[in-house]
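Novice: Residues per chain, in single letters:
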Amino acid sequence: MVTTAQTTTPQANAPLRGRRSPLASIGLHTTLIVASVIAVFPVLWVLLTSLKPAKYATTTDFFKETTLANYTDLLENTEFLTWFGNSLLIAALTTLLGVFIAATTGYAVSRFRFPGKRGLMWTLLITQMFPVAVLIVPIYNIMSSLGLLNKAAGLVITYLTIAVPFCAWMMKGFFDTIPREIDESGQVDGLNPFGTFWRLILPLAKPGLAVTAFYSFITAWGEVAYASAFMVGDENLTLAGGLQKFVNQYGAQWGPMSAASVLIAVPAALVFLVAQRHLVTGMSAGAVKG
Amino acid sequence: MAVDTSSQSAVKAAGVDARGRHRGTGTSGGKVRRSLTTHWYAWAMVAPVTVVIAVIIGYPLVRGIYLSLTDANERNVARSIGVNQIPATYEFVGLDNYVDALTGSQFLGTLGWTLVWTVSCVSVTFALGLALANILNRKIAGRSVYRMLLILPWAVPGFVSVFAWRFLYNQDNGLLNKLLAGGGIDAVPWLNDPTWAKFSVIAVNVWLGVPFMMVALLGGLQSIPGELYEAAEMDGANAWQRFRHITLPGLRSVSTTVILLSTIWTFNMFPVIFLLTRGGPGEATQILVTQAYKFSFEISPRDFAQSSTWGVLILILLMAFAAVYRRVLRKQGEVW
Numbered sequence: 001m002v003t004t005a006q007t008t009t010p011q012a013n014a015p016l017r018g019r020r021s022p023l024a025s026i027g028l029h030t031t032l033i034v035a036s037v038i039a040v041f042p043v044l045w046v047l048l049t050s051l052k053p054a055k056y057a058t059t060t061d062f063f064k065e066t067t068l069a070n071y072t073d074l075l076e077n078t079e080f081l082t083w084f085g086n087s088l089l090i091a092a093l094t095t096l097l098g099v100f101i102a103a104t105t106g107y108a109v110s111r112f113r114f115p116g117k118r119g120l121m122w123t124l125l126i127t128q129m130f131p132v133a134v135l136i137v138p139i140y141n142i143m144s145s146l147g148l149l150n151k152a153a154g155l156v157i158t159y160l161t162i163a164v165p166f167c168a169w170m171m172k173g174f175f176d177t178i179p180r181e182i183d184e185s186g187q188v189d190g191l192n193p194f195g196t197f198w199r200l201i202l203p204l205a206k207p208g209l210a211v212t213a214f215y216s217f218i219t220a221w222g223e224v225a226y227a228s229a230f231m232v233g234d235e236n237l238t239l240a241g242g243l244q245k246f247v248n249q250y251g252a253q254w255g256p257m258s259a260a261s262v263l264i265a266v267p268a269a270l271v272f273l274v275a276q277r278h279l280v281t282g283m284s285a286g287a288v289k290g
Numbered sequence: 001m002a003v004d005t006s007s008q009s010a011v012k013a014a015g016v017d018a019r020g021r022h023r024g025t026g027t028s029g030g031k032v033r034r035s036l037t038t039h040w041y042a043w044a045m046v047a048p049v050t051v052v053i054a055v056i057i058g059y060p061l062v063r064g065i066y067l068s069l070t071d072a073n074e075r076n077v078a079r080s081i082g083v084n085q086i087p088a089t090y091e092f093v094g095l096d097n098y099v100d101a102l103t104g105s106q107f108l109g110t111l112g113w114t115l116v117w118t119v120s121c122v123s124v125t126f127a128l129g130l131a132l133a134n135i136l137n138r139k140i141a142g143r144s145v146y147r148m149l150l151i152l153p154w155a156v157p158g159f160v161s162v163f164a165w166r167f168l169y170n171q172d173n174g175l176l177n178k179l180l181a182g183g184g185i186d187a188v189p190w191l192n193d194p195t196w197a198k199f200s201v202i203a204v205n206v207w208l209g210v211p212f213m214m215v216a217l218l219g220g221l222q223s224i225p226g227e228l229y230e231a232a233e234m235d236g237a238n239a240w241q242r243f244r245h246i247t248l249p250g251l252r253s254v255s256t257t258v259i260l261l262s263t264i265w266t267f268n269m270f271p272v273i274f275l276l277t278r279g280g281p282g283e284a285t286q287i288l289v290t291q292a293y294k295f296s297f298e299i300s301p302r303d304f305a306q307s308s309t310w311g312v313l314i315l316i317l318l319m320a321f322a323a324v325y326r327r328v329l330r331k332q333g334e335v336w
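Residue numbers (the numbering used here), protein chains in the order written: chain A, 1 to 290; chain B, 1 to 336.
Keep in mind that the hints were calculated from the coordinates and are not lab data. None of these values were measured; they are calculated from a predicted model. By construction, the Cβ of each residue, glycine as well, lies at the ideal position given by its N, Cα and C atoms. Careful, some of the hints might be misleading.
Below 25 Å or equal to it, Euclidean Cα-Cα: the simulated DSS-like pairs (lysine-lysine) are [to be verified]: (1) LYS198/B / LYS139/B; (2) LYS55/A / LYS198/B; (3) LYS294/B / LYS245/A; (4) LYS55/A / LYS206/A; (5) LYS117/A / LYS178/B; (6) LYS151/A / LYS55/A; (7) LYS151/A / LYS178/B; (8) LYS198/B / LYS178/B.
What follows is a set of in silico ranges between Cβ atoms, one per label pair, in the way DEER data are often shown [said to hold, decoys possible]: (9) ALA54/B / ARG180/A: 48 to 56 Å; (10) TRP40/B / ASN77/A: 55 to 63 Å; (11) VAL145/B / PRO22/A: 39 to 47 Å; (12) GLY85/A / THR195/B: 28 to 36 Å; (13) SER123/B / GLY85/A: 52 to 60 Å.
Just some of the chain B residues that point at chain A, by a computed CB distance under 8 Å [what the hints assert, rightly or not]: (14) ASN268; (15) LEU315; (16) VAL328.
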């Protein structure tokens, strides 16, 4: 039985250590079940709360009444859709611009040896550890003098400070995994480096680009500090700012808050779970081989 | 590191170009020109990022450092009220802000808690991630289901999770206290008592961080050849010895990377503290980043200079940490 399992999952490197004692099995499963419950529970709890009438929000009666009232209330009586639209626009623009600007750089640092490369790599690495506190004040003052506070454009430009170094770094990792023979075959066919990049490498790097794009989207989608500082006024908020409204300003409105949380989290989680295998590969490739 | 073949190809391609246009590169300035003809492809490719970094990171960084050397606050920076432009009136004060920060108790106190927060978050997260990755790396029924469930906290946008936890922690109505009440235990002031609040924010950050740690370490575990374990088992090594002498060394490169990353992330973890407690109660859970934010956006008048000073100090601390970390690794023979 052990051997069949081994052949069906060849990537499993678990050692062949004969049969596990039943006690050990119970121990392992118990650990995993407890961990899974802790991992899933807060999310599940919010999902269940969102389906309860608001007056039961803080009770433990789950299935007494199930209703979508929180959702209709959220969509009809709050600015949720506006915030959602703002977040979507800002995150999408950040992603597009970030990936677009960073793509060629990722390729160049992966393939060429040129003066300034070391410095550039270091800059890309160090900017990843920039705390929000270093840039937020000067950027705030600059945006204020340009009249870009409270504007989507201002936040997009700000997020590029996070997205561009990150995208370049991550894409380098992906380009490193594409065999150099492909570049050479391109040169044999008379393509210059731009041609090689554009016609041969970019199409092969599509999965990597998708993951990088996805990751920078999620980063912009979930950013809190800049969004809280730069955007005021109900109609300009992003989701991170919007959710704060439910908890801070009017006490705690758990009903609409839980519904909003579900609407934000469920699509993100689904896409994430599909993409996650590649996420780690990309990150560790970028980081380890740096 | 670029392999020679490709850089040769760049030379080759650029060489064709050179022959076409600038035949016989002269002697004076020839070096610059030759380097330009050789590398212009690479430079053209990195130009957009270089420009973006210089304009939207480099310039604000320089300005931030400058602000930290002034007494800038909300009242004396350049601003426009209606159509009136009011010019900036803040003054250069040299290192005064740094002296104030480093000799006052606030910065050092906040730094102390930030270090406690970072070390406890990273170590607990790493330990839990390693344990779960080890279990998931075994042949166990329902492995992929467990894996999926355990990754879930990573999949949910951070700010949503933090609000979910706020909901659970609520002192009067939160589920945690309801459960405790069911067991006859008094309500715990999760976010309202300094000590409990510290515990609570760490718990949430660990909850958020374990999935990444687990997945990264699982990837590392799967790249350790199974034959090593078989050989060790033949030699009579027990489970602990196998873990100690095969698993841990095999995970070195992954662990050093994830520990560095998560230390930097945790040190800078703004949303958890900001959304869960706003640094409260009092200043009990305020970390350096949230305090710097508070200076410029939550108090009145906004203290831009102090905020910038803290920001620069945070950056220096992190870079020093990364440099020391790298040096230690290098001494131990790790190439990084």
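Novice: For every hint, state whether the structure bears it out.
Specialist: So, going through the hints one by one against the coordinates:
1. As the CA atoms of LYS198/B and LYS139/B are separated by approximately 38 Å, the hinted pair breaks the 25 Å bound.
2. With a CA separation close to 31 Å, the supplied pair LYS55/A and LYS198/B exceeds the 25 Å bound.
3. At roughly 18 Å between alpha-carbon atoms, LYS294/B and LYS245/A fall within 25 Å of each other, so this suggested pair holds.
4. Distance check on the hinted pair: LYS55/A and LYS206/A sit about 49 Å apart at the alpha-carbon level, beyond 25 Å; violated.
5. Proposed proximity of LYS117/A and LYS178/B is contradicted: the alpha carbons are some 58 Å apart, above 25 Å.
6. Distance restraint check for LYS151/A and LYS55/A: the Cα-Cα separation of roughly 37 Å exceeds the 25 Å cut-off, and the hinted pair is therefore not satisfied.
7. At roughly 43 Å between alpha-carbon atoms, LYS151/A and LYS178/B are farther apart than 25 Å, so this suggested pair is violated.
8. Of the supplied pair hints, the one linking LYS198/B and LYS178/B holds, its CA atoms being roughly 21 Å apart against a limit of 25 Å.
9. For the pair ALA54/B and ARG180/A, the supplied restraint of 48 to 56 Å is violated, since their beta-carbon distance comes to about 30 Å.
10. In this structure the hint that TRP40/B and ASN77/A lie 55 to 63 Å apart at CB holds, the actual value being about 59 Å.
11. Range check, VAL145/B to PRO22/A: about 21 Å between beta-carbon atoms, so the 39 to 47 Å window is missed.
12. With their beta carbons about 42 Å apart, GLY85/A and THR195/B fall outside the hinted range of 28 to 36 Å.
13. The given range of 52 to 60 Å is broken by SER123/B and GLY85/A, whose C-beta atoms sit roughly 41 Å from each other.
14. Residue-level restraint check for ASN268/B holds (minimum Cβ-Cβ distance to chain A is 4 Å; threshold 8 Å).
15. A least Cβ separation of about 5 Å between LEU315/B and chain A falls short of the 8 Å threshold, and the interface hint therefore holds.
16. Look at VAL328/B: its Cβ only gets to about 17 Å from chain A, farther than 8 Å, so that hint breaks.
Comparing the model with each numbered hint stated earlier shows that hints 1, 2, 4, 5, 6, 7, 9, 11, 12, 13 and 16 do not hold.
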